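Enquirer: Protein sequence lines correspond, in order, to chains E and L.
The numbering used here applies: residue 1 is where the first sequence begins, and numbers increase by one.
The numbering used here applies: residue 1 is where the second sequence begins, and numbers increase by one.
It is worth saying that the hints were derived from the structure and are not from the lab.
Only a predicted model underlies this, so the values are computations on that prediction, with no experimental measurement involved.
Derived DSBU-like pairs: lysine-lysine, alpha-carbon spacing no greater than 35 Å straight-line:
#  : chain 1 : residue 1 : chain 2 : residue 2
1  : L       : K3        : E       : K173
2  : E       : K155      : E       : K124
3  : L       : K3        : E       : K15
4  : E       : K155      : E       : K174
5  : L       : K3        : E       : K135
6  : L       : K3        : E       : K155
7  : E       : K29       : L       : K11
8  : E       : K155      : L       : K11
9  : E       : K135      : L       : K11
10 : L       : K11       : E       : K177
11 : E       : K58       : E       : K89
12 : E       : K123      : L       : K11
13 : L       : K3        : E       : K29
14 : E       : K123      : L       : K3
15 : E       : K127      : L       : K3
16 : E       : K149      : L       : K11
17 : L       : K3        : E       : K174
18 : L       : K11       : E       : K124
19 : E       : K124      : L       : K3
20 : E       : K177      : E       : K123
Stretch by stretch, here's where chain E covers chain L in the computed footprint (C-beta under 8 Å, at least three residues):
#  : segment
21 : 7 to 17
22 : 41 to 49
Covered by chain L, per the in silico footprint, the following chain E stretches (three or more residues, Cβ under 8 Å):
#  : segment
23 : 40 to 54
24 : 160 to 173
All C-beta atoms, glycine included, are put in the ideal place defined by N, C-alpha and C.
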Amino acid sequence: MAHYSDDELLELFQKGDNPDYAFNLIVRKYQQPLYWHIRRMVIVHEDADDTLQDVFVKAWNALENFRGDSGLYTWLYRIATNEALTFLKKKKTRFFLPLLDVESQLAERLESEPLLDGNAMEKKIQKAILTLPEKQRLVFNLRYYDEMKYEDMSKVLDTSEGALKASYHHAVKKIEKILTS
Amino acid sequence: MEKETRNNIRKELQELGSQLEGHSGQAGFGVPEGYFDRLPQAVQQRISAGRQHQTRRVPAFALGRLVPVIASIALLIAVAFSFFLLQTGTENGYLTHTDESVYEEYFALVSEYDRSLLLEFASQQADAEGLPSFREGFLPDAGMYSEDDHVVEYFLDMADYYGFNTSDLIAGLD
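Modelling step: build the complete structure from the supplied sequences, incorporating the hints.
Expert: Rendered as structure tokens:
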């Protein structure tokens, strides 16, 4: 598959003869990073799969009018983040549980997750991440796993870079504390 | 991912004295075999299904059917709102909640005799409800409220004070 830049993909989608093909290329380019981003938030593969498909359907519907001001990469991450948070919110509403309980429920799922092929340390880190508040969890994941720049993260989460740095440092310290305890 | 960002992340973790520094950054989750090969097709199917649903969603004949439904809903809302207003009027339909001009018009037409009847009726109401006597302290001195506007003002004040329903006051004239 040829490697297209985001701008090239957008042009191909918006001005090309075959938007389906262009969108397929976008899906192939972003499916993995977005999947892992969502998976780390919702933990369960089936939930991550549903959420990711919703993300791409929403992107398809909106891409025609997308002006590209924020960049395709941050725009897709933003949709994925919102969808993951919406999923968690729905889960909370459905079971009338406070979010803390949803997260402890996710930690339990994490324990029994058959597809988890990481080592014991990875599992420990994931469990520690689940103890963080939602926003900190997002910030930590985007920085640590997705290796996202604060500048891009600021566009995804609509938060200042300073606040994101503080949030990330705070999250690292908390995780560190849990890992060493 | 850019090498520079990766280096910055490592440096940041080092500065924080974190043991996370040595990890690869992989979350350790797995996916079913071939999942990412199948996903683009699954997304395409969802989009195609959405397109069909959209074109099917509001066919022209359905729009025709929607008109009476929308009209019925609007009518129901209007009835419910009117009922609400009616309820409000019954419970709180005192002079203070009514346009004063209506009562001013009415009082401009009533004779001196009718006014005294109204006063009488208001006093009876006050007595029946164990309220302070209508006449005590409120009955205007002779000549003081000779003008219609003063009488109206007086009645409005009284009705407000006693919480009388104006329809009761008016009915008292019959």
